[in-house]
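Using the sequences and the hints, build the whole thing.
The listed protein sequences correspond, in order, to chains A and H. Yeah, the first sequence ends on 110 if you go by the numbering used here, and it's all consecutive. Yeah, the second sequence ends on 470 if you go by the numbering used here, and it's all consecutive.
Honestly, the hints are just simulated from the structure, not real lab data. Given the structure is predicted, the values throughout are model-derived calculations rather than measurements. C-beta: ideal position from N, C-alpha, C; glycine also. Careful, some of the hints might be misleading.
Claimed, not checked - Listed next, with one range per pair, are the computed distances between beta-carbon atoms:
no., chain 1, residue 1, chain 2, residue 2, range
1, H, 460, A, 80, 50 to 56 Å
2, A, 92, H, 27, 20 to 26 Å
3, H, 59, A, 70, 20 to 26 Å
4, H, 382, A, 80, 29 to 35 Å
5, A, 83, H, 460, 35 to 41 Å
6, A, 103, H, 59, 33 to 39 Å
7, H, 453, A, 72, 46 to 52 Å
8, H, 258, A, 105, 29 to 35 Å
9, A, 57, H, 44, 45 to 51 Å
10, H, 419, A, 99, 48 to 54 Å
11, A, 50, H, 262, 33 to 39 Å
12, H, 250, A, 70, 41 to 47 Å
13, H, 27, A, 90, 26 to 32 Å
To be verified - 20 Å max Cα-Cα, derived SDA-like pairs, lysine to any residue:
no., chain 1, residue 1, chain 2, residue 2
14, A, 104, H, 27
15, A, 104, H, 26
16, A, 104, H, 23
17, A, 104, H, 132
18, H, 55, H, 7
19, A, 104, H, 95
20, A, 104, H, 93
21, A, 104, H, 7
22, A, 104, H, 94
23, A, 104, H, 90
24, A, 104, H, 16
25, A, 104, H, 20
26, A, 104, H, 30
27, H, 28, H, 66
28, H, 28, A, 100
29, H, 28, A, 103
30, A, 104, H, 22
31, A, 80, H, 59
32, H, 148, H, 124
33, H, 423, H, 413
34, A, 104, H, 24
35, H, 423, H, 89
36, A, 104, H, 148
37, A, 104, H, 29
38, A, 80, A, 69
39, H, 66, H, 454
40, A, 104, H, 25
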Amino acid sequence: MLIYLIVSLLVVLQMSFASDIMGPKAPGGLKKVTYESGIVPEAPVGYFSVRFYRVAMLFMIFDVVIMALYPWATSLHVLKAHGFYNGLAFFAIVVVAFLYVWRKGGFQWH
Amino acid sequence: MGYLIPEVLLAGGALLALLAVAMLPNAKNLGSWIVLLAMLAAGVDAASMWGVTAKLIMSDTMAIDKYSILVTEFVLLAGASSLLLAWNADRFGAELPPLMAISVLGMMTLGTAANLMVVFVGIELLSLPLYILAASTRTRAGGEAALKYLLLGAFSSGILLFGMALLYGATSSLTFVVYPAITAANTWLLWSGLGLVLVGIAFKLAIVPFHMWVPDVYEGSPTPVTHLMAFGTKVGAAIILLRLLAFGFYGQDGSWGTLIGYLAVLTMIVGNLLAVPQLNLKRLLGYSGIGHAGFLLVGIATHSVDGANAMMFYLLPYGLAAMAVFGVLRLIEGQGDEVTLSDLRGMAYRRPWLAAVLIVGMLSFAGIPLTGGFVGKFFLLQAALFASQPGLAVGIVVGTLVGLFAYLRPLQMLFQRTEVSAKVQHLRWSVAGAVVLGVAVVGTIGIGVYPAPLVHIVSQSANFYWLTGG
Chain A
1 MLIYLIVSLL VVLQMSFASD IMGPKAPGGL KKVTYESGIV PEAPVGYFSV
51 RFYRVAMLFM IFDVVIMALY PWATSLHVLK AHGFYNGLAF FAIVVVAFLY
101 VWRKGGFQWH
Chain H
1 MGYLIPEVLL AGGALLALLA VAMLPNAKNL GSWIVLLAML AAGVDAASMW
51 GVTAKLIMSD TMAIDKYSIL VTEFVLLAGA SSLLLAWNAD RFGAELPPLM
101 AISVLGMMTL GTAANLMVVF VGIELLSLPL YILAASTRTR AGGEAALKYL
151 LLGAFSSGIL LFGMALLYGA TSSLTFVVYP AITAANTWLL WSGLGLVLVG
201 IAFKLAIVPF HMWVPDVYEG SPTPVTHLMA FGTKVGAAII LLRLLAFGFY
251 GQDGSWGTLI GYLAVLTMIV GNLLAVPQLN LKRLLGYSGI GHAGFLLVGI
301 ATHSVDGANA MMFYLLPYGL AAMAVFGVLR LIEGQGDEVT LSDLRGMAYR
351 RPWLAAVLIV GMLSFAGIPL TGGFVGKFFL LQAALFASQP GLAVGIVVGT
401 LVGLFAYLRP LQMLFQRTEV SAKVQHLRWS VAGAVVLGVA VVGTIGIGVY
451 PAPLVHIVSQ SANFYWLTGG
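What follows is the structure, given as structure tokens:
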């Protein structure tokens with residue numbers, strides 16, 4: 001028991017500090033900059049590109065929608081017709097949103 | 001299920017309009033027509049349900065009664081008038097009609113809410129499109145307005161949600177209409193929760209300690225959107241506050257009645273007082289809207305059937321006067337977004353009819369006899385006196401007097417003979433604007449001269465029988 005405790009403590013300490021002691025260090029440069037999803041946090045001009053956020057947001061929205069469709073599809077035998085048509089109405093709303101984003105050029109990078 | 005057809009019609013109209021905007025970008029006003037027709041159809045369908053007996057639907061989360069039907073009609077009037085004020089104006093963007101429809105849908109949801117989750121969904125459905133609409137002209141002031149509204153709206157939603165969580169913890173139910181039956185409620189938890197919920201709704205209604213966002217947001221938003229905020233949002237927030245307190249906490253008015261009463265007096269006086277020095281008319285109307293929210297609170301604070309009736313009654317004359325004033329502002333501003341006091345110079349001589357409409361609207365705001373505003377204030381005063389709360393009555397009188405001063409200054413500018421302002425000289429009438437102004441003037445004077453039909457309708461809708469003690 002004691003040996004087990006000591007060994008696990010050593011392993012934890014080794015994991016925590018070994019890279020700090022033995023690894024090479026190159027401080028400075030871009031390492032000091034805040035990580036902001038690949039975009040320079042302080043933009044040199046007054047504006048910064050919203051493309052990345054737009055794509056990320058649209059992906060999130062439609063991804064979450066797809067996630068909601070899976071449990072709906074697998075439990076249709078419990079939901080019966082009522083649940084089926086409610087889910088269909090939800091899906092129709094999402095399709096309208098999808099069509100809107102598509103026609104407005106939301107899926108193009110430029 | 002047939003009880004939610006107005007909501008389904010409006011939601012369908014919003015989706016169809018969004019599709020039309022995306023698929024047929026060159027069809028002018030197509031989205032506006034779709035949403036307007038959906039609003040008319042929803043209004044007709046809601047009116048046809050008037051004979052309904054009050055009942056809870058959707059697993060006791062929504063209440064269908066004459067109260068919810070009247071609220072539906074009020075907010076549809078607000079939505080349709082805002083839509084007409086934005087008619088033919090491409091600079092607001094083609095997405096304005098569907099967004100307005102969704103916002104009105106949120107207000108209708110609030111009218112039927114009997115459950116805190118539905119309250120929250122309604123408030124968010126109301127607010128989210130308004131954040132976008134505030135910035136729809138893509139101007140600097142619009143962006144500022146939208147950001148301020150978004151941040152404070154998110155903040156107040158957080159407070160509201162926390163309060164709801166505490167209420168759920170205290171009562172183990174989100175359906176607030178059953179709260180009076182729960183006797184073993186944890187008192188501290190219950191009152192903290194109710195307090196936080198009141199703060200959250202007070203933000204939306206712009207009650208005085210929580211009113212700071214109003215003038216900037218009203219000033220920066222496009223005029224039709226400001227009108228929707230001033231009329232529709234106020235209706236939505238006021239009626240859910242009345243429903244929550246009168247249904248969920250009707251036996252315990254000793255704890256919240258006094259608080260609401262003090263807030264009402266403070267809001268009436270401070271709102272109207274701050275309206276006096278304003279030079280920008282939309283800021284002036286913002287502060288005036290704060291003052292009117294105080295008048296609405298009087299009806300809730302009296303905690304009686306008279307008070308509930310008076311508050312419901314007051315909403316319509318207030319909204320009609322807002323339609324008149326914002327309609328005139330919309331015609332004056334033309335391609336701009338700003339109307340200052342000096343823009344009104346000489347209007348009584350150059351545009352006498354338009355000046356007359358503005359005078360009717362402003363006098364109704366001020367509460368001068370023969371306008372709807374006077375009758376509304378009269379009923380509020382009556383309710384305050386019947387409930388033997390003279391403090392509220394004094395507050396109404398003082399607030400009205402201060403407000404009179406604020407509303408007479410723009411009217412004074414109308415009769416300045418020195419020179420006619422450039423905006424008045426170049427203004428152009430529009431058919432949609434004329435429709436809004438016509439409805440507003442006829443309604444304001446009609447209610448002022450012959451209020452009996454509206455009194456009858458309101459007394460049926462806000463007939464909260466348990467308040468009479470019987």
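Going down the list of hints, with the structure as the test:
no. : hint                       : verdict
1   : H:460 to A:80: 50 to 56 Å  : 39 Å, violated
2   : A:92 to H:27: 20 to 26 Å   : 22 Å, holds
3   : H:59 to A:70: 20 to 26 Å   : 25 Å, holds
4   : H:382 to A:80: 29 to 35 Å  : 54 Å, violated
5   : A:83 to H:460: 35 to 41 Å  : 37 Å, holds
6   : A:103 to H:59: 33 to 39 Å  : 38 Å, holds
7   : H:453 to A:72: 46 to 52 Å  : 48 Å, holds
8   : H:258 to A:105: 29 to 35 Å : 56 Å, violated
9   : A:57 to H:44: 45 to 51 Å   : 38 Å, violated
10  : H:419 to A:99: 48 to 54 Å  : 53 Å, holds
11  : A:50 to H:262: 33 to 39 Å  : 46 Å, violated
12  : H:250 to A:70: 41 to 47 Å  : 45 Å, holds
13  : H:27 to A:90: 26 to 32 Å   : 28 Å, holds
14  : A:104 to H:27              : 15 Å, holds
15  : A:104 to H:26              : 13 Å, holds
16  : A:104 to H:23              : 9 Å, holds
17  : A:104 to H:132             : 17 Å, holds
18  : H:55 to H:7                : 17 Å, holds
19  : A:104 to H:95              : 11 Å, holds
20  : A:104 to H:93              : 13 Å, holds
21  : A:104 to H:7               : 27 Å, violated
22  : A:104 to H:94              : 12 Å, holds
23  : A:104 to H:90              : 17 Å, holds
24  : A:104 to H:16              : 16 Å, holds
25  : A:104 to H:20              : 12 Å, holds
26  : A:104 to H:30              : 17 Å, holds
27  : H:28 to H:66               : 37 Å, violated
28  : H:28 to A:100              : 17 Å, holds
29  : H:28 to A:103              : 17 Å, holds
30  : A:104 to H:22              : 7 Å, holds
31  : A:80 to H:59               : 18 Å, holds
32  : H:148 to H:124             : 16 Å, holds
33  : H:423 to H:413             : 14 Å, holds
34  : A:104 to H:24              : 11 Å, holds
35  : H:423 to H:89              : 17 Å, holds
36  : A:104 to H:148             : 27 Å, violated
37  : A:104 to H:29              : 18 Å, holds
38  : A:80 to A:69               : 15 Å, holds
39  : H:66 to H:454              : 13 Å, holds
40  : A:104 to H:25              : 10 Å, holds
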